[in-house]
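Here's the letter readout for the chains.
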Amino acid sequence: DAGVTQSPTHLIKTRGQQVTLRCSPKSGHDTVSWYQQALGQGPQFIFQYYEEEERQRGNFPDRFSGHQFPNYSSELNVNALLLGDSALYLCASSGTPGSQETQYFGPGTRLLVL
Amino acid sequence: ELKVEQNPLFLSMQEGKNYTIYCNYSTTSDRLYWYRQDPGKSLESLFVLLSNGAVKQEGRLMASLDTKARLSTLHITAAVHDLSATYFCAVDKNFGNEKLTFGTGTRLTIIP
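Chains as they are written, first to last, in our numbering: chain Y, 1 to 114; chain C, 1001 to 1112.
These aren't lab readings, by the way, just hints derived from the structure by calculation.
Computed from a prediction, not measured in an experiment: that's the story for all the values here.
C-beta: ideal position from N, C-alpha, C; glycine also.
Check the hints yourself; a few may be wrong.
Simulated crosslink set (EDC-like; lysine to aspartate or glutamate; CA at most 20 Å straight-line) [unchecked claim]:
1. Y:K26 to C:E1044
2. C:K1093 to Y:E101
3. C:K1041 to Y:D85
4. C:K1093 to Y:E54
5. C:K1068 to C:E1001
6. C:K1041 to C:D1082
7. C:K1093 to C:D1066
8. C:K1056 to Y:E101
9. C:K1056 to C:E1044
10. Y:K26 to C:E1098
11. C:K1017 to C:D1066
Listed next, the stretches of chain Y that the computed footprint assigns to chain C, with coverage defined by at least 3 CB atoms under 8 Å from CB atoms of chain C [to be verified]:
12. 43 to 57
13. 101 to 113
Based on the provided sequences and hints, a complete structural model is requested.
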């Protein structure tokens, strides 16, 4: 049973560029959440997708956008990259909102903005 | 705004000793999660606590939840080197599988 997968594992971009990160949820899960983890900090919630719609959003600017596909996989897009966007980006999958289970995290994509 | 605080932030313990990590949160919630993170790695789910008084144990780790005090604890018994990692608690303020607010993390180092 494949867990949560993310691609790419590492990425280097320059300021002003755009980036797309990808996530496939654990088998049987239909909800995908994205988190940003800066070095030495706890993860911060970016947004969550369910039924191909954004359900909730954290305190992140509109430069951060996402999408969920019919097969439940998801993309995170970040436009106009800033140095401060350098972080580990984690995707988490879970069952239908309201179900009593934890979120399972993928291995993450480490983004470095130069 | 929900705030989640952990203490201590850093903890060095000798092997074989017991210790407790504390997680306080600022608003009502009855869902709390504990995760482990090894350096450069992702988050591994340890415990899900879903009600007041919930206690769960796995090996040398035991977690509990007191929703009235807005406090969760992660107790480590007879620590071994393999437990060295950063431990995060996370609170789900809404009803299940929604936005998780994480604590600051506790970096635990077990010294032989």
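Inset, instruction - Enumerate the violated hints, using their earlier numbering and listing them in ascending order. - result: Failing hint: just 11.
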